[in-house]
Amino acid sequence: MAKQMVTAAVLTAPRTIKLEQFEKPRVNPENALVRVEACGLCGTDAEQYIGAIKSLNIQYPIIPGHEVVGIIEKIGKKAAERWGVKIGDRVVVDSLIPCRHCDNCTVGQFNLCSGWNKTMMGYSYVSCEVSPHLWGGYATHMYLHPNSLVRKIDKTVAAEKAVLFNALGGAIHWTYELPKLKYGDRVLVIAAGLRGVMCCMVAKAMGASQVILAGIQLDEQRLRKGLELGADHSIIVDKEDLVQRIRELTDGKGVDIVIDLSPHATESVIQALEVIAKNGTIVLLGLKNNAEIKGFVSDKLIMKACTIIGGHGVSYTAFKRAISMIEAGSLPLDKLRTKVFPLDEAHLAMATLAKEIKDDEVNSIVIMPALRG
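Note that the UniProt record's numbering has the sequence shown beginning at 1, numbered continuously upward.
I should point out that these hints are in silico values taken from the structure, not numbers from a laboratory.
Since this is a predicted model, take the numbers as computed values, not measurements.
Be a bit skeptical, because a hint or two may be false.
Straight-line Cα separation of at most 30 angstroms, BS3-like style, residue types lysine-lysine; simulated pairs [to be verified]:
#1 Lys78 with Lys18
#2 Lys77 with Lys24
#3 Lys180 with Lys204
#4 Lys24 with Lys180
#5 Lys204 with Lys339
#6 Lys204 with Lys253
#7 Lys339 with Lys294
#8 Lys86 with Lys182
#9 Lys180 with Lys320
#10 Lys152 with Lys288
#11 Lys358 with Lys152
#12 Lys74 with Lys320
#13 Lys239 with Lys253
#14 Lys239 with Lys335
#15 Lys18 with Lys358
#16 Lys24 with Lys3
#17 Lys180 with Lys278
#18 Lys180 with Lys300
#19 Lys278 with Lys152
#20 Lys152 with Lys74
#21 Lys155 with Lys182
#22 Lys335 with Lys204
#23 Lys24 with Lys155
#24 Lys278 with Lys335
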């Protein structure tokens with residue numbers, strides 16, 4: 001019998017992607033194989049593509065992609081019982097693979113897992129040299145490790161919406177759960193990518209009285225989209241003084257919550273401390289490449305009695321809630337502009353995400369392996 005093969009887009013080095021074939025793995029009672037219907041792209045994919053974030057400790061070659069929607073093609077008996085799914089079910093797969101044994105995992109904080117030798121274990125982070133090789137969503141199929149977090153999603157939901165479970169889950173966790181957003185809070189979101197826009201959407205849906213989205217001039221189209229989807233005001237930070245504009249917009253009160261999604265730039269942390277109101281909360285999410293925060297004055301933190309929180313990954317509660325909200329159609333996700341690429345154009349998808357190919361109108365990028373380029 002001829003071997004059954006899987007096609008995957010492999011990132012062998014920064015900006016170097018090629019299609020490769022892998023043997024389709026057999027499953028045992030504990031694991032499964034999902035046929036990838038769609039895989040969303042996020043900022044981390046761009047960082048992997050350009051090799052920008054040292055703290056990610058990328059082990060090339062990898063199969064990128066960790067926002068997977070697909071159909072269960074093969075599944076072991078124990079895995080089916082654990083996840084409550086069967087062959088033919090449509091599922092979404094959380095990006096992280098928890099150990100399920102460390103202190104954080106045992107209390108359900110899977111996104112803070114520290115059990116894999118204190119390193120992150122997840123889809124698109126494991127080298128495809130590690131058997132069974134299919135550790136990412138830029139492929140026709142992806143392996144489901146026994147410890148994966150897998151949930152069903154309704155087959156009537158369009159794939160372009162279904163892949164938003166990770167971005168929406170992140171927005172729920174970072175904007176609502178971590179800072180404990182209350183009705184009437186004023187919220188500033190820094191960075192106008194998909195996750196920034198989603199944070200605006202969630203903040204408004206959860207009762208924020210004022211939502212402000214800040215981004216760079218290159219993101220003017222995305223800032224306008226943010227205004228359609230929940231933001232009350234936008235600020236172009238390389239044309240306007242962010243701190244002064246926040247003071248004007250809030251009558252000098254500042255904001256109760258700052259969500260900093262901006263990668264690399266450290267000045268956003270200083271700005272957040274300037275505009276945060278007393279007893280407010282700053283959530284830091286954009287990796288700064290291990291850079292020091294120059295000009296950080298801890299006395300301001302103390303005098304404002306504010307809190308700084310590091311946000312990592314998506315909580316399991318936010319993951320589940322995102323799926324429910326997508327299925328219920330409770331958010332205006334139709335207003336997002338999605339661009340879809342076939343698998344053999346994964347390099348174009350990543351270059352577009354990294355802004356090396358200009359397309360200012362795009363909010364969400366998706367790879368669908370069944371498409372033909």
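Results of checking the hints against the structure:
1. Lys78 with Lys18: With Cα atoms ~35 angstroms apart, Lys78 and Lys18 exceed 30 angstroms; violated.
2. Lys77 with Lys24: OK: Lys77 and Lys24 at ~19 angstroms, within 30 angstroms.
3. Lys180 with Lys204: 14 angstroms, holds
4. Lys24 with Lys180: 44 angstroms, violated
5. Lys204 with Lys339: Holds - the C-alpha atoms of Lys339 and Lys204 are around 25 angstroms apart, at most 30 angstroms.
6. Lys204 with Lys253: At roughly 19 angstroms apart (the allowed maximum being 30 angstroms), Lys253 and Lys204 satisfy the hint.
7. Lys339 with Lys294: Roughly 38 angstroms between the alpha carbons, so the hint for Lys339 and Lys294 is violated.
8. Lys86 with Lys182: Violated: Lys86 and Lys182 sit about 40 angstroms apart, past 30 angstroms.
9. Lys180 with Lys320: At roughly 18 angstroms apart (the allowed maximum being 30 angstroms), Lys320 and Lys180 satisfy the hint.
10. Lys152 with Lys288: 35 angstroms, violated
11. Lys358 with Lys152: 35 angstroms, violated
12. Lys74 with Lys320: 23 angstroms, holds
13. Lys239 with Lys253: 22 angstroms, holds
14. Lys239 with Lys335: 27 angstroms, holds
15. Lys18 with Lys358: With a Cα-Cα distance of about 22 angstroms, the restraint between Lys18 and Lys358 holds, given a limit of 30 angstroms.
16. Lys24 with Lys3: 8 angstroms, holds
17. Lys180 with Lys278: 15 angstroms, holds
18. Lys180 with Lys300: Given that 30 angstroms is the threshold and the Cα spacing comes to 22 angstroms, the pair holds.
19. Lys278 with Lys152: 42 angstroms, violated
20. Lys152 with Lys74: Status holds; Cα separation ~15 angstroms.
21. Lys155 with Lys182: Outside the cut-off at roughly 34 angstroms; violated.
22. Lys335 with Lys204: 15 angstroms, holds
23. Lys24 with Lys155: 25 angstroms, holds
24. Lys278 with Lys335: Judged against 30 angstroms, a Cα distance of about 35 angstroms means the pair is violated.
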